[in-house]
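K.L.:
Each chain is listed here by its residues.
There are 2 protein chains.
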Amino acid sequence: MVIKEGHPFSPTFQGIHHIYANKKATHGLNSGEYLDGAVLIFDTITSIDRKDSIEEGVRKHVAVMHKDAKKFAKTGGWGFEWFNGNSKSEKMVEDGGKACFDCHVSEKTRGYVFSRLRK
Amino acid sequence: MVIKEGHPFSPTFQGIHHIYANKKATHGLNSGEYLDGAVLIFDTITSIDRKDSIEEGVRKHVAVMHKDAKKFAKTGGWGFEWFNGNSKSEKMVEDGGKACFDCHVSEKTRGYVFSRLRK
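Residue numbers (the working numbering), protein chains in the order written: chain S, 11 to 129; chain L, 11 to 129.
It cannot be assumed that every hint is accurate.
Any copy, or any two copies together, can satisfy a pair, since identical chains are not distinguished.
Below, a list of computed lysine-lysine pairs in the BS3-like style, where the Cα atoms sit at most 30 angstroms apart [as the list claims (entries may be wrong)]:
#  : residue 1 : residue 2
1  : K33       : K61
2  : K84       : K129
3  : K61       : K81
4  : K129      : K101
5  : K118      : K61
6  : K84       : K14
7  : K70       : K14
8  : K129      : K81
9  : K14       : K129
10 : K14       : K101
11 : K129      : K98
12 : K80       : K14
13 : K61       : K84
14 : K14       : K81
15 : K108      : K98
16 : K61       : K98
17 : K34       : K61
18 : K81       : K118
19 : K61       : K80
20 : K98       : K80
21 : K129      : K80
22 : K118      : K98
23 : K81       : K70
24 : K84       : K118
25 : K70       : K129
These aren't lab readings, by the way, just hints derived from the structure by calculation.
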């Protein structure tokens with residue numbers, strides 16, 4: 011998916027998106043129920059707009075959802091992390107995922123996950 | 011990557027592209043040398059152009075490159091396959107990969123592979 015300028019989630023999420031899911035998360039995407047250990051990665055890459063193509067530039071940020079119902083009970087059982095660029099340590103989430111969850115809560119019936127499998 | 015209308019590879023390859031590589035192919039993308047067993051998948055998905063986003067529609071076709079230097083000596087050591095839509099049997103290549111290779115030959119110094127790793 012590509013988020014263009016003018017999208018409600020732009021400029022934070024403007025760019026090319028890849029979603030990666032481990033097996034437990036794939037099961038959840040199918041069923042709507044996520045078991046502990048499910049991990050979803052939301053990778054946002056700068057998009058380079060050319061006349062006849064859109065290419066990938068540098069990575070903007072990487073968001074992670076990690077299911078652990080007990081540990082993250084306050085945020086729907088999901089731990090939220092968000093890393094700047096290619097960094098594995100520079101975090102963009104400082105509130106324990108509260109702001110993430112406040113938006114994801116709209117997807118409660120789908121396990122708090124916005125992503126959908128391609129049909 | 012997204013190929014738009016007007017691109018030299020459009021309309022065949024117009025859409026959202028994903029490239030998947032196994033470990034041997036990832037090694038090749040880094041080194042330019044591909045060992046037997048390297049597999050690259052080139053997945054083309056219809057793009058749905060919206061005002062503020064581009065979303066994925068149905069799969070158009072899946073192209074496969076499989077390295078076996080002896081078996082596919084006539085086409086640079088690569089076996090080329092191309093499947094229609096989500097089919098695992100309906101082939102779009104009937105010439106043993108000759109037409110594919112005729113274009114890929116321009117990338118001889120990179121092991122006949124067009125794809126580049128994101129920097």
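K.L.:
The structure should be examined with respect to each hint, and the outcome stated for every one.
P.N.:
Do the hints match the structure? See the list:
| no. | hint | in the structure |
| --- | --- | --- |
| 1 | K33 to K61 | neither (38 angstroms within a copy, 33 angstroms between copies) |
| 2 | K84 to K129 | neither (32 angstroms within a copy, 38 angstroms between copies) |
| 3 | K61 to K81 | neither (48 angstroms within a copy, 40 angstroms between copies) |
| 4 | K129 to K101 | between (33 angstroms within a copy, 22 angstroms between copies) |
| 5 | K118 to K61 | between (40 angstroms within a copy, 27 angstroms between copies) |
| 6 | K84 to K14 | neither (32 angstroms within a copy, 44 angstroms between copies) |
| 7 | K70 to K14 | both (14 angstroms within a copy, 23 angstroms between copies) |
| 8 | K129 to K81 | neither (33 angstroms within a copy, 36 angstroms between copies) |
| 9 | K14 to K129 | both (22 angstroms within a copy, 22 angstroms between copies) |
| 10 | K14 to K101 | within (25 angstroms within a copy, 35 angstroms between copies) |
| 11 | K129 to K98 | between (32 angstroms within a copy, 17 angstroms between copies) |
| 12 | K80 to K14 | neither (37 angstroms within a copy, 46 angstroms between copies) |
| 13 | K61 to K84 | neither (46 angstroms within a copy, 36 angstroms between copies) |
| 14 | K14 to K81 | neither (35 angstroms within a copy, 45 angstroms between copies) |
| 15 | K108 to K98 | within (21 angstroms within a copy, 44 angstroms between copies) |
| 16 | K61 to K98 | neither (34 angstroms within a copy, 34 angstroms between copies) |
| 17 | K34 to K61 | neither (40 angstroms within a copy, 34 angstroms between copies) |
| 18 | K81 to K118 | within (18 angstroms within a copy, 52 angstroms between copies) |
| 19 | K61 to K80 | neither (49 angstroms within a copy, 41 angstroms between copies) |
| 20 | K98 to K80 | within (25 angstroms within a copy, 42 angstroms between copies) |
| 21 | K129 to K80 | neither (32 angstroms within a copy, 39 angstroms between copies) |
| 22 | K118 to K98 | within (28 angstroms within a copy, 36 angstroms between copies) |
| 23 | K81 to K70 | within (28 angstroms within a copy, 42 angstroms between copies) |
| 24 | K84 to K118 | within (14 angstroms within a copy, 55 angstroms between copies) |
| 25 | K70 to K129 | both (27 angstroms within a copy, 13 angstroms between copies) |
Of the numbered hints stated above, those contradicted by the structure are hints 1, 2, 3, 6, 8, 12, 13, 14, 16, 17, 19 and 21, listed in ascending order.
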